[in-house]
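These protein sequence lines map, in sequence, to chains A and B.
Residue numbering for the first sequence follows the numbering used here, starting at 1 and increasing by one per position.
Residue numbering for the second sequence follows the numbering used here, starting at 1001 and increasing by one per position.
A few of these clues could be false.
[Said to hold, decoys possible] Here are the simulated distance ranges between beta carbons:
(1) B:1093 x A:1: 47 to 57 Å
(2) A:106 x B:1073: 24 to 34 Å
(3) B:1014 x A:24: 38 to 48 Å
(4) A:97 x B:1028: 44 to 54 Å
(5) A:16 x B:1094: 38 to 48 Å
(6) B:1102 x A:3: 42 to 52 Å
(7) A:28 x B:1002: 39 to 49 Å
(8) A:138 x B:1039: 12 to 22 Å
(9) B:1098 x A:28: 43 to 53 Å
(10) B:1137 x A:93: 21 to 31 Å
(11) B:1022 x A:24: 40 to 50 Å
(12) A:9 x B:1099: 41 to 51 Å
(13) B:1073 x A:53: 17 to 27 Å
(14) B:1104 x A:3: 35 to 45 Å
These are computed hints drawn from the structure, not numbers from a lab.
Here the structure is a predicted model, which means the values were calculated and not measured.
All residues carry an ideal CB built from backbone N, CA and C; glycine is no exception.
The lines below spell out each chain.
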Amino acid sequence: MDRIEENTEHIQRFFDEIWSAGNMETVDELCDPQFQFILAFAHLDGREAFKNLVRNNRRIFENLTYKTTPDDIVTTDLKGAAFWNMSTTKHSDTWRNVPASNNPVAIKGMTFFRFNEDGKFTEARVQNDVISMMKQINGIKMLYDS
Amino acid sequence: MANTPEQNNAVCVEFFDTAWNTGNVRADLLTADAVDHSFVGGKAKSEPGVGSFQHIVGMFRHAMPDIHLTMLDQIYAADKVVHRWSLTGTDTGGVMGMPPSGKQLTFTGTTTVRMADGKIAERWANVDELGLLQQLGVVPPPPGA
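Whenever a hint applies, use it, and build me the whole structure from the sequences.
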């Protein structure tokens, strides 16, 4: 397996094993200790902070699932990008300042990755459809009312 | 002979720089049935052809005539090109159907392109619309994640 195939496989595992299955050993295997996870509204510094986010989101969103396929992934030696579809059957606790809506949610997004020379993730930068998420969990109404 | 990934990226950089920074949507860099799949700003359907691309660019350039595209990252392999970017401009025309705010706005997004025969055949985009609405003061910024 060459580096590009390996990077593609690691991105697939990032979504399948970490986000969809909650496997924290995969975080340790694939991510550099100084891994940076960057969203439009937050910047998580380090592998442990990322693990906490995954645990929290998997608690708040029941049956959280991220789907991507090799066709949705573009990689080079040190970079990668993947399109994904996220779904959850129930938003069951407060996310940001929006209380449980008990609604199912489905959004699309894209994540840009950077790899170090050893093939570990050093950075994941997420561009997701937060406005659609907010609409689906009644968050826009909540924000207007706050 | 098919374009290399580097050549594909150069076509995309030329197309998007020219479109966003000058308003000239170059049909010669699109396939005849090119599709823009993005639904930003309330766009409801994607018709094949240059018109769909002109609609999105025209809408934002009308709202922000001095809009400027900055490329933040580029990844390209085989027939795909992916860009991460930011757009900055002064809201003098009204963004997404709202009254002009007069504010300078910056928003980020990503674009994925599928190339065919050296031209742009399909485009998908993700845009931080919530961040844009927060800058406009339509939606207050919520607390962190």
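Check each numbered hint from earlier against the structure, then list the numbers of those it violates in ascending order.
-> Checked against the structure, no hint fails, so every one of them is satisfied.
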